[in-house]
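Enquirer: In order, the protein sequence lines correspond to chains A and B. Per this note's numbering, residue 1 is the first one in the first sequence, and the count goes up by one each step. Per this note's numbering, residue 1 is the first one in the second sequence, and the count goes up by one each step.
Hints are not guaranteed to be accurate.
[Said to hold, decoys possible] Dumping the calculated DSS-like pairs for lysine-lysine here, alpha-carbon to alpha-carbon at most 30 Å: (1) Lys157(B) with Lys130(A); (2) Lys114(A) with Lys153(B); (3) Lys11(B) with Lys134(A); (4) Lys38(B) with Lys131(A); (5) Lys109(A) with Lys153(B); (6) Lys131(A) with Lys157(B).
[What the hints assert, rightly or not] Pairwise CB distance ranges (calculated): (7) Thr150(B) with Lys73(A): 17 to 23 Å; (8) Leu342(B) with Gly167(A): 30 to 36 Å; (9) Thr150(B) with Tyr3(A): 42 to 48 Å.
Read the hints as simulated data drawn from the structure, not as lab findings. Given the structure is predicted, the values throughout are model-derived calculations rather than measurements. Idealized CB from N, CA, C, for every residue including glycine.
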Amino acid sequence: MKYQITIGWLYQDLMNTYGDRGNVICLKKRCEWRNIDCNIIELNIGFNKEELKKCDLLFMGGAQDRQQRIVTKDIKGEKSKIIKKMIDDDKVPGLFICGAYQFLGNYYKEADGKIIECLEILDLYTESPKKNKKRLIGNIALKSNLFEGEPYTLIGFENHGGSTYLGKNLKPLGKVMTGYGNNGEDNTEGVIFNNIIGTYLHGPILPKNPLLADFLIRAALKRKYKNGILEKLNDKLEIKARKAIANKLGVEL
Amino acid sequence: MINLFLILLGKFTLLISRSLNLGHGSTWPGHVALSINKNFIKQIFKKSKSKIVFIAGTNGKTTTAKLIQTILEQNGKKVFINQSGANLLNGISSSIIEHSTMFGKIRCDYFIFEIDENTLPLSVSEITPDYLIILNLFRDQLDRYGEVDTIAKNWKKSINKLPESSLVFLNVDDPKIAYIGKGINAKKLFFGLNDKGLGQKDFQHASDSLYCPNCDEKLEYETVFYSHLGIWHCNKCNLKRPLLSIDNTSYYPMSGIYNRYNTLASVLFAKTIGIDETNINNALENYSPAFGRQEKIIIDNKNIQLFLSKNPTSFNESLRTIKELNAKNILIVLNNRIPDGLDVSWIWDIDIEKYVDGFNQIFVSGDRCFDMGLRIKYALENQKSKIKNQNYNSKFKILENLNDAIKISLEKTPEKNVLYILPTYSAMLEIRKILTGRKIL
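Next comes chain A alone, as it looks inside the complex (with noise of 0.2 Å):
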C-alpha cells in the first residue's frame, strides 16, 4: 500500500516572511523521495473549517504585525477550537515558527501593556520587548532530546522582538547553545507539546535539520498507518551545510 499525508498550510500568504516555504517544500519531497505521497491543502483566508479534518500535518509560518491581525479574524472561533482538538486529542504533529508559535500561547503584551488575545491552545505568553531592548537576531544552535539517540544538535536563525515564556508544564524544543531562544534568559527554545513544536528558528528550520523534518513525518504516518518506520534518505549535503554553520558558530554537532 502507498501511503499518503496531507499537510495543510496555515494561511501561506499571508503568514510567509522568512522563507519559511522552504518547510513545506522540505516535507514535501523527503515523503516524495520515500515513495510517500504528499497533498498540501493551502489554508487561506475564508477557508472552510471542514478542510481542516483532511490534515494530517499543521503548518504554520512567521508574519508581520498586520499580517497577524488579518488571520486573528479568521482563525478565532471554530477553527481555533478544532485546531486545539486536533493538537490536544487527535495528537496532529506541526510546526509553528515565530509569529504563529507565539499566536499558539495565551496572549501576546505589547510595549505598552495592551493584550493581544492569542489562540490558547499552549500555556506560554510572549511579552514585546521592554524599551532600548533590541531584537533578538543571530543565528542560534540548540540541543534538543527529541529524537531517538544522542542529542541532536538543531541549527536556524533567529529573528524576533517578543520574549516568550513557557508555562510550568511545558517542555521546550531544546535548550540554547548559541543565540537567545525564547527570552534570551533562560536558555530554552522552542516548545513541544503532544506532536506539535512551536519555534523561533528561521533557516528555514527544516531543510538543514532532516532529522526534525524526519520527526513530523514520522508522527503523521504512526497517526495514520500505526507505522513510522521512515527509509533512510541521502543527507550527505544536508550534513555539510550543517557543519559549515556549525564550525562558523563553534558549536559541536
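The hints should help you fit chain B onto chain A, whose structure is shown.
Expert: Quick look at chain B alone, frame taken from chain A:
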C-alpha cells in the same frame, strides 16, 4: 559667510586627507562643516540653483540613478551622484564642499542620492529633495532593514512632511507605494505598466503586498507584472491604482521587466524637467550598466554577464530575464556578509523550481554555498527521478572556492554561450575583483 569659510576649510581638510591617503571617499570635511554649522547643507542648497534628487526603493536604485545621470549628462548637465549610508549627511556635506567653487557656488546642476530603506526618513527631514523617486518595496535583509510594513509606515510619515515645492514620482503598480502618495502635500506623478502582454499568470511566492494597505482586504489583480506589482484594486474600500503619467517609452536600454520600471521612472523624470524624447533616447543609447547590473565582461573569448541578485524579488527577476535570454550555464554565488544580510532564509522564497530544468550547468559557490546547494537539491530532485536522491543531477555542482567556481564554470561554458553569474552584493564585488583583476569601491 560662515559657510564660505566652512567650504574653504573643508577643501583644505579634503586636500590633507587625500595627500595623507586617509581614504578617497572621506566624509571628514563634511563632518567638520556640520559640527560647526548644523544647517550647513540646508543653507547652501537654499542659495543654490542645484536640484536634489532622491531615489528610494528596494531594487533598482543604482540602475535608475545611472539612467538619470546618463540622460542628464548627455544633455549637458553637470551631475553628482552618491549612495547613502550611515554617514549620509556627512557624505552630502562633503560632496557639496568638493563640488563648490572657492566662492561657495555649487558647480553641479543635479545632486542624485540613492537612499536606502532606513535612511529615507532622516534624509527627508534634513534635506528637502526637489524630486523624490520611489521605485518599489520588497522584503530584503529582514535582519537589517526590518519588515516591509514597518518601512512603509515610516516612509509615509516622512513623505507626508514634504512641501508642495517637492515633486514625487511613484511606482503605483506597487500598492504600498501608491498608498504612500495618498493625501500628501507634495506634487506627484505616477508611473507603471499597462501592457498586459508583459504580465504573468501567478504571483511569485515572495509577493509581499497582496492585501489592501488601506483596509486589509485581499486585493484583486487584473494583471501581475512581477512580485506584487501589477494592475490592482480593492473590492472593499475601492482603493485602486491611480491613472498613470507614463506607461511606455520607445527605447529600453536593458532587459527585464524590472528595468522597464527603472527606465520609465528615468524618462518621466527627464521629460518633467524638459528634455524631449529624442534627446532622451539618444542619451540612453549610450547607457552602460552599473557594476554588476547586467554588466557584460569578456574573459578569454568567453562571455560573462553579471546579474546582481540580492533578495527574493531581484533573484526571481534575474532568473526570469536570463531565461528569456536563453541561459544555459549559470553560477550562483551566495554570501551572507554585512552588505548581503546575515540571514540566508530568503533563498527559499525564490521560485527557482520553475527555472532549473532549462539550465545545462548550475554551479554554486560563496560563503553559504551549501545552503544554496540544498535549495537547488530540493528544486532539482523530484519523485520521478528513480535514483531517488542518491545521485542528484550531474548538472549541479558546489565549489566552495570562488576562484575555482569561476574557472570551472567558464571552462564548461561553450564559447558561443554566455555564463550568467547571479551573485549577492558582496559576492558581486568579489567576482568583479577576480574577473577584472582590480578592486572597486
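Enquirer: Check whether the Cα positions of lysine 109(A) and lysine 153(B) lie no farther apart than 30 Å.
Expert: Cα-Cα ~22 Å, so holds.
Enquirer: Taking the CB of threonine 150(B) and the CB of lysine 73(A), does the distance hold inside 17 to 23 Å?
Expert: Holds: the Cβ-Cβ distance is about 21 Å, inside 17 to 23 Å.
Enquirer: Taking only the CA atoms, is the gap from lysine 131(A) to lysine 157(B) under or equal to 30 Å?
Expert: Answer holds: lysine 131(A) to lysine 157(B) is near 21 Å, not above 30 Å.
Enquirer: Taking 42 to 48 Å as the stated bounds, is the beta-carbon spacing between threonine 150(B) and tyrosine 3(A) within them?
Expert: Given range 42 to 48 Å: holds, Cβ gap about 43 Å.
Enquirer: Against the 30 Å threshold, does the CA-CA distance of lysine 157(B) and lysine 130(A) hold or violate the hint?
Expert: holds, 24 Å
Enquirer: Hey, lysine 38(B) versus lysine 131(A), does the alpha-carbon distance stay inside 30 Å?
Expert: holds, 29 Å
Enquirer: Holds or violated: lysine 11(B) with lysine 134(A), Cα cutoff 30 Å?
Expert: violated, 40 Å
Enquirer: Keeping to a limit of 30 Å between CA atoms, is the pair of lysine 114(A) and lysine 153(B) held or broken?
Expert: holds, 21 Å
Enquirer: Could you check the hint for me, namely that leucine 342(B) and glycine 167(A) are 30 to 36 Å apart, CB to CB?
Expert: holds, 32 Å
Hint 3 from the earlier list is the only one contradicted by this structure; the remaining hints agree with it.
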